[in-house]
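Colleague: As a plain string of letters, each chain reads:
There are 2 protein chains.
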Amino acid sequence: MQTNTKIDQHLTQNLAQYLTEVSELCAQPSVSARGGEDMRKCASLVAQLLTKHGLTVQVIETAGNPVVVGTIKGQSSRTLMCYNHYDVQPPEPLELWVTPPFQPTIRDGALYARGARDDKGELVARLAALDAVRAAHGGELPCNITFVVEGEEEIGSPTMVDFVQQHKELLRCDGAIWEEGGIEPSGAPYCSLGCRGILAVELSVKTMNTDAHSGRAHFLPSAAWRMVRVLESLKDAHEHILIDGFYEHAKPPSALDLHYLSLLPNNEALDQQIYGLKQYVMGRTSQQVKEAVFQPTCNIEGIDTGYRGSGFKTVIPAKAVVKIDFRLVPDQDPDDVFAKLRAHLDRNGFDDVALTNLGAMSPAKTAADDPLVQLTMRTGEDVYGIPAVIYPMVGGSSPIYAFRNPLGGIPVISPGIGYWDNRAHAPNEHFRIHDFLAATRHLARVMDGFAGIVK
Amino acid sequence: MQTNTKIDQHLTQNLAQYLTEVSELCAQPSVSARGGEDMRKCASLVAQLLTKHGLTVQVIETAGNPVVVGTIKGQSSRTLMCYNHYDVQPPEPLELWVTPPFQPTIRDGALYARGARDDKGELVARLAALDAVRAAHGGELPCNITFVVEGEEEIGSPTMVDFVQQHKELLRCDGAIWEEGGIEPSGAPYCSLGCRGILAVELSVKTMNTDAHSGRAHFLPSAAWRMVRVLESLKDAHEHILIDGFYEHAKPPSALDLHYLSLLPNNEALDQQIYGLKQYVMGRTSQQVKEAVFQPTCNIEGIDTGYRGSGFKTVIPAKAVVKIDFRLVPDQDPDDVFAKLRAHLDRNGFDDVALTNLGAMSPAKTAADDPLVQLTMRTGEDVYGIPAVIYPMVGGSSPIYAFRNPLGGIPVISPGIGYWDNRAHAPNEHFRIHDFLAATRHLARVMDGFAGIVK
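Sequence lines, in order, name chains A and B. Under numbering that gives the first Met the number 0, the first residue of the first sequence carries the number 0, and numbering increases by one thereafter. Under numbering that gives the first Met the number 0, the first residue of the second sequence carries the number 0, and numbering increases by one thereafter.
Note that these hints are calculated values from the structure, not bench results. This one's a predicted model, so the numbers in the text were calculated from it and none came from an experiment. What you were told as hints is all true, and nothing was included just to trick you.
Pairs involving identical chains hold if they fit within one copy or between any two copies, as the list cannot separate such chains.
Calculated lysine to any residue pairs in the SDA-like style (CA-CA distance at most 25 angstroms, straight line): (1) Lys318 x Glu231; (2) Lys318 x Gly275; (3) Lys40 x Ser309; (4) Lys318 x Pro92; (5) Lys205 x Asp420; (6) Lys339 x Glu231; (7) Lys205 x Arg307; (8) Lys40 x Gln16; (9) Lys167 x Asp332; (10) Lys277 x Glu231; (11) Lys318 x His237; (12) Lys205 x Ala291; (13) Lys51 x Glu36; (14) Lys234 x Asp345; (15) Lys318 x Ser285; (16) Lys318 x Arg283; (17) Lys205 x Pro90; (18) Lys339 x Arg228; (19) Lys234 x Val320; (20) Lys234 x Lys318; (21) Lys234 x Asn347; (22) Lys277 x Arg341; (23) Lys205 x Gln271; (24) Lys205 x Val97; (25) Lys205 x Gly308; (26) Lys318 x Gln272; (27) Lys339 x Ala236; (28) Lys205 x Arg228.
Next comes chain A alone, as it looks inside the complex:
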């Protein structure tokens, strides 16, 4: 029996067990934005799971949540790293979930839970792939494999840069598999070569000691209105960010990037269906949307000011807080953007606005002609029957940058369990079970072939 047949047989026969493992992980809340004892419980569950799958496990303390590292030896000197995270986004608004976010539920061929797709399902898919490759080779692996599972991805991986610097030897590898991959509506697998950076900040302004009666609005200053003025100073109605020097280090896409972008499918009809959109931001066309991933954004995550109960309350809010995230493109630097934002506020008379850095990640990108990219495309076509779709960059962020630079600019690819309506970060997050199975087959082939590709 051929290796791939053995791999596929193993995965099909053990699918139910892997779904159980996903459910057990997702049943443990691990909202890093809130922290607390949940995070350690989840790290401990991950350590047990990696141990059960034959890895040698260390739970390594950091200034924040612990990182779980598992290693397993193979027959070559080459090492493939799998990056995952065990933390999840907050589940609110709870009332929009069909089943509770931390009670994993299988229905209509999909597994629903906060973290199902992002990123606990991905973690288990890789462990399944590892099992399958080992089973196909009589218990041996063709290459070394290292799992790194962190607990602060959703809050910007604040300790990951230091962590990688401090554990360079443990983490040394020749390539890595990241999150964010999956299947296209066409049935083709997709793979991203990089992601944008992020800078998340909180702006806070206080105009009075206390909320006041709105009958005094002709003389008492409103924090809500002041924050509106701050926001309108940050971005114009044409999506142009108005911070001085903001675009200084933003690189446009290369010719090869543009080529891959032009091959990407148009998702307009799908986006209309999923989001109920009338049109994209600024009435952008599908092609403009594809290219706009190489543009940074300024997104309001939420505004907190004044009264929001039922009816109305005639108060002038004394305080307003806004959370904003900027998505950054190569070679923008979050620290540089933070400094420019502070300077912008001061220059525009908003020196009373407090600015807090909530989390930051740099952008990162792998070259499209790397052998690991080629292996991923080839094996993807084998599993899915259609050539892989390459995204030169995705809109989200990940701590790839924290690994790539210290580890010598390793190539990073991202086959995975996703599809276009996973609701990651939103209510009713889920993955489809057939996507999960296909991803494990693809991941196993990449692990199986990694030793043999020419660096």
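Based on these hints, arrange chain B on the given structure of chain A.
Modeller: Chain B only, in chain A's frame:
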């Protein structure tokens, strides 16, 4: 013993009882913005209290909360009405209250509770005055007195117009005492001759079916940003409201109004102390602030969009809701302003923004040379030893308009228990007990003299 001496003796001897009555009323929550059974419980308490003070009481049903009406006959045909309300503002934010809002507490010579000043304390002060006048005249009253105590003032008195129309005979009177009066830092009583109107609205916009990952902010439309654009279209940075025709019916103050405004004390140092202000809105001077009460305002009561928990959450909000109140001056009409706001939204491409009328009141104003105003000033000087300060208009709103027109443009004055730091509508609402006592003495003199003034 002179009448006034008897009045003062009665009030001093029975002060403790009246404070107990205030506490009993304030212990009963009655947040009209929330409604529910609390409202009927409070109406029933008010009915019991009025009955106890010798009035003939009716609890009259309306489309909203019931109105309590109490009447008592006097020796002349003239009737003085006392207007009050038993509903209160929401108490949030609860964490800023030193003692819980619905556990009335006396400390440092003041009574703290939601509703203490606005308006349950005022109601009891008037009942105390009535008692005192009757006691001074051997159980008789010189004029008829009618108490009207409604339960929807804090949500814009939506049923009061109809109520007065339907009960014109019951409510017929020759003058009325309203809320909002009190003492100045100088020790002088103050009295307002009118108030601004209000239009409270909710603006709501939905750009997607669901919140989305902020890595998609380059193509998915944000409700938060859309609402910022709506808000910046409503008012410029110089406090000028940009709705077409908004100022069309706004009358500037008369020469007599300006004269009274010029006599008003400057509160700049006080406002700095209370609110921790650096400067007034737009850097206005004290004189500009006085005159600005004749300008309408556009106040943001609160903004509700996206995530406001700890840390951050990388979502694009699909929905944004803003509550706004406009304070209106004579002769602006809330219905007219509502229609103009809708037209403004449509004309500016915001036809996807839903607009709801949360509550409205018209402005109202009494002439400064009315005999009831003169009586109030004269008796005020007798109690406080300093001539009364006249506010031609106050910044807040009240349903005066709903009574004045159907009842033949009666004069309305407002001696009361307030002082400059009562925290009405805010945490730690209270009144000072010596202010309460002085107000009862003043109110009793007005009731005592009302039969004798020339109409």
